[in-house]
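Protein chains: 2
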Amino acid sequence: MPASSVPDIVVGRLPLYLRALTQMAASGKEITSSQELGERLGISSAQIRKDLSQFGEFGKQGTGYNISYLTDQLRRILKVDRVWDVVLVGVGDLGRAIAHYGGFVDRGYRIVAVFDNDPRKIGSQIGPFIVEDAARLEEVVRARAIAMAMLAVPREAAQAVTDRLVEAGIRAILCYAPTSIQVPRHVHVQYIDPVLHMQRMTYYLP
Amino acid sequence: MPASSVPDIVVGRLPLYLRALTQMAASGKEITSSQELGERLGISSAQIRKDLSQFGEFGKQGTGYNISYLTDQLRRILKVDRVWDVVLVGVGDLGRAIAHYGGFVDRGYRIVAVFDNDPRKIGSQIGPFIVEDAARLEEVVRARAIAMAMLAVPREAAQAVTDRLVEAGIRAILCYAPTSIQVPRHVHVQYIDPVLHMQRMTYYLP
Chain A
1 MPASSVPDIV VGRLPLYLRA LTQMAASGKE ITSSQELGER LGISSAQIRK
51 DLSQFGEFGK QGTGYNISYL TDQLRRILKV DRVWDVVLVG VGDLGRAIAH
101 YGGFVDRGYR IVAVFDNDPR KIGSQIGPFI VEDAARLEEV VRARAIAMAM
151 LAVPREAAQA VTDRLVEAGI RAILCYAPTS IQVPRHVHVQ YIDPVLHMQR
201 MTYYLP
Chain B
1 MPASSVPDIV VGRLPLYLRA LTQMAASGKE ITSSQELGER LGISSAQIRK
51 DLSQFGEFGK QGTGYNISYL TDQLRRILKV DRVWDVVLVG VGDLGRAIAH
101 YGGFVDRGYR IVAVFDNDPR KIGSQIGPFI VEDAARLEEV VRARAIAMAM
151 LAVPREAAQA VTDRLVEAGI RAILCYAPTS IQVPRHVHVQ YIDPVLHMQR
201 MTYYLP
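Which chain is which? The protein sequence lines are A and B, in order.
Number 45 in this note's numbering belongs to position 45 of the first sequence; there are no gaps in the numbering.
Number 139 in this note's numbering belongs to position 139 of the second sequence; there are no gaps in the numbering.
The following block holds chain A by itself, in its conformation from the complex:
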């Protein structure tokens, strides 16, 4: 299984497949097909078959995919057959919404600590968390060997906080700040900036 040679764009579709399969399973379905998945996702069935074939043989021609089995395999491939500890840095409006969101843990992630540098926020409760002083970021990340961070700080602070996270051992950052951050080659970054997604759509609008 030459996983390292799989294009990142294929890797990026696997979570979509996993999400759809999980929802199918929750609604009581046991078997699906690349056609059915494709209709649900707006992706061609050929693309889905090709993507999955990069990781193994998950279904037989004509009999479809066993949803439970394929779900397990995708969870293993995406490494969410475990739960990853995540720190959240920044509790403005968006960070607050993230801290309140209950949908992470079923899908492989658990926020374990929430930080801010605003003295008015430190010590306050947000959902199940007590906001900790951002000065303690490195200490907590190191002590708990945390690999992932969500960055919901203002744009101006993003790079400085990133540098501290990376130095403390963080290897994957989900960046909500609307800016690009620089990281060493071994650190992964994904961006969530709604405007990037909207611009990708208005390109196509008349």
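Hints listed in this document are in silico derivations from the structure and should not be mistaken for laboratory results.
Among the hints, a few may not be true.
Coverage of chain B stretches by chain A, computed from C-beta distances (three or more under 8 angstroms per stretch; other residues unrestricted) [as the list claims (entries may be wrong)]:
1) 37-47
2) 63-70
3) 78-91
4) 112-126
5) 129-140
6) 171-183
7) 199-206
Virtual Cβ for every residue (Gly too), placed ideally from N, Cα, C.
Dock chain B against chain A, hints included.
Frame of chain A; chain B shown alone:
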């Protein structure tokens, strides 16, 4: 300019270029290069040159890109040389954070109406908006000829609201609900689900 033949993945990188160029301009820079942009974005300079060349000749070998000119061109290509009206549906924690966010209008989008179906929320103020009754969704979208929507409703409600938005004339939906929605071919959808991005990163983690 055969824009329709440009791969969507290339289109998806243009907003990143525009965002970086806008920040460079804000810091007083006038000229940049594909190398400099590439370092900032973690994208190869060859890729950037190739992407931009699909849309025209924006720089000369050896002299780099005029930031102001390239910014204008990208804004035109992505159609954010105008401001698009957007409706926001759903004001839970996340919708509330979106309604409070002030960073849309400079980048081509303006939320013009905010909806919810919860009687306790209808009529309340969130940031600059008075929450309107979701029953009036179609009426407002049609009356103002709105093309774009942000969907921040619970997963269970996503498809039904989508169907109503599409019927009323919406042609682009930014979906924050953690589910796939089905739309006709002429409607564009982008998803924001933090877990999809995190799974795309943990795939690579040891």
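Three or more residues of the stretch 112-126 of chain B near chain A by CB distance under 8 angstroms?
violated (count 0)
Verify the coverage statement for the stretch 171-183 of chain B against chain A, using a C-beta to C-beta distance below 8 angstroms and requiring 3 or more qualifying residues.
Since 8 is at least three, the answer is holds.
Mind checking, does the stretch 37-47 of chain B have 3 or more residues with a CB under 8 angstroms from chain A?
holds (count 4)
Please count how many residues of the stretch 199-206 of chain B have a CB within 8 angstroms of a CB from chain A and say whether that reaches 3.
n = 7 at 8 angstroms, threshold three: holds.
How about the stretch 78-91 of chain B: do at least three of its residues have a C-beta closer than 8 angstroms to a C-beta of chain A?
Holds, because 5 residues of the stretch 78-91 of chain B bring their Cβ atoms closer than 8 angstroms to Cβ atoms of chain A.
Do three or more residues from the stretch 129-140 of chain B put their C-beta atoms closer than 8 angstroms to C-beta atoms of chain A?
Contact hint for the stretch 129-140 of chain B vs chain A: violated, 0 residues under 8 angstroms.
State whether the coverage of the stretch 63-70 of chain B by chain A holds or is violated, taking the criterion as 3 or more residues with Cβ-Cβ distances under 8 angstroms.
violated (count 0)
Hints 2, 4, 5 from the list above are not met by this structure, while the remaining hints are.
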